[in-house]
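Chains as they are written, first to last, in the numbering used here: chain A, 3 to 115; chain B, 26 to 139.
Rather than coming from a laboratory, the hints here were simulated on the basis of the structure. Keep in mind that a hint or two might mislead.
To be verified - Okay, derived cross-link-like pairs now, BS3-like style, lysine-lysine, Cα gap no bigger than 25 Å in a straight line:
(1) B/K66 <-> A/K102
(2) A/K54 <-> A/K71
(3) B/K65 <-> A/K114
Here the structure is a predicted model, which is why all the values come from computation and not from measurement.
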Amino acid sequence: DAKTTQPPSMDCAEGRAANLPCNHSTISGNEYVYWYRQIHSQGPQYIIHGLKNNETNEMASLIITEDRKSSTLILPHATLRDTAVYYCIVRVQGSSNTGKLIFGQGTTLQVKP
Amino acid sequence: ETGVTQTPRHLVMGMTNKKSLKCEQHLGHNAMYWYKQSAKKPLELMFVYNFKEQTENNSVPSRFSPECPNSSHLFLHLHTLQPEDSALYLCASSLLLDSQETQYFGPGTRLLVL
Chain A
3 DAKTTQPPSM DCAEGRAANL PCNHSTISGN EYVYWYRQIH SQGPQYIIHG
53 LKNNETNEMA SLIITEDRKS STLILPHATL RDTAVYYCIV RVQGSSNTGK
103 LIFGQGTTLQ VKP
Chain B
26 ETGVTQTPRH LVMGMTNKKS LKCEQHLGHN AMYWYKQSAK KPLELMFVYN
76 FKEQTENNSV PSRFSPECPN SSHLFLHLHT LQPEDSALYL CASSLLLDSQ
126 ETQYFGPGTR LLVL
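So that you can see chain A by itself, here it is in the shape it has in the complex (with noise of 0.2 Å):
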């Protein structure tokens, strides 16, 4: 089962930011989480990840709450292109230091004009 919880769908209009939540109450101290989206029936698209530290990258910010049991990821400027299923996953440690990505439904944002 997936170690997150996303609410289902958001709206965001064009060129606002999208603040997308999740919930991970039970990470461990060294699993990572990730963020990725899904543009209909694409390849999902990796965008950030991050342990305990705020982290930022050309795409998204991703903001980690100091207990770890939470995050948001941030869409500074969000376009129409950034409409997509959103998914924040908790890494957890596979066979021969293999990660497994745990996905769950994910968010799904539409960003209107």
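Start from chain A and add chain B according to the hints.
Same frame as chain A, now just chain B:
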């Protein structure tokens, strides 16, 4: 373009056919993954390979047979599939260094079993 390619992009097969899906990565990664995404269901991990060695089999039926001849290529051989196996099959690859390895996905193969 993530550097992970999959062929074919679409496939229609009968239940008695044998077909293969191919995945290739040009990123110098050493781990490869197969995922299945059925309609209205989350992605499910099927198989994991680390340096050509299978390290995970997520209780996948034997009608799905993976093959990893080298760290750049991954195949999924299909035989006697059922209509409920119709799905999007996604390949991913990653570079295993530590606990923050990132998986990059291909575009997927859309499979329809008649």
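Can you confirm whether the C-alpha distance between B/K65 and A/K114 stays at or below 25 Å? Holds. B/K65 to A/K114 sits at ~23 Å (cutoff 25 Å).
Is the Cα-Cα distance between B/K66 and A/K102 25 Å or less? holds, 17 Å
Proposed proximity, A/K71 with A/K54 (alpha carbon, max 25 Å): Holds: A/K54 and A/K71 sit about 10 Å apart, inside 25 Å.
In terms of the numbered hints stated before, the structure departs from none.
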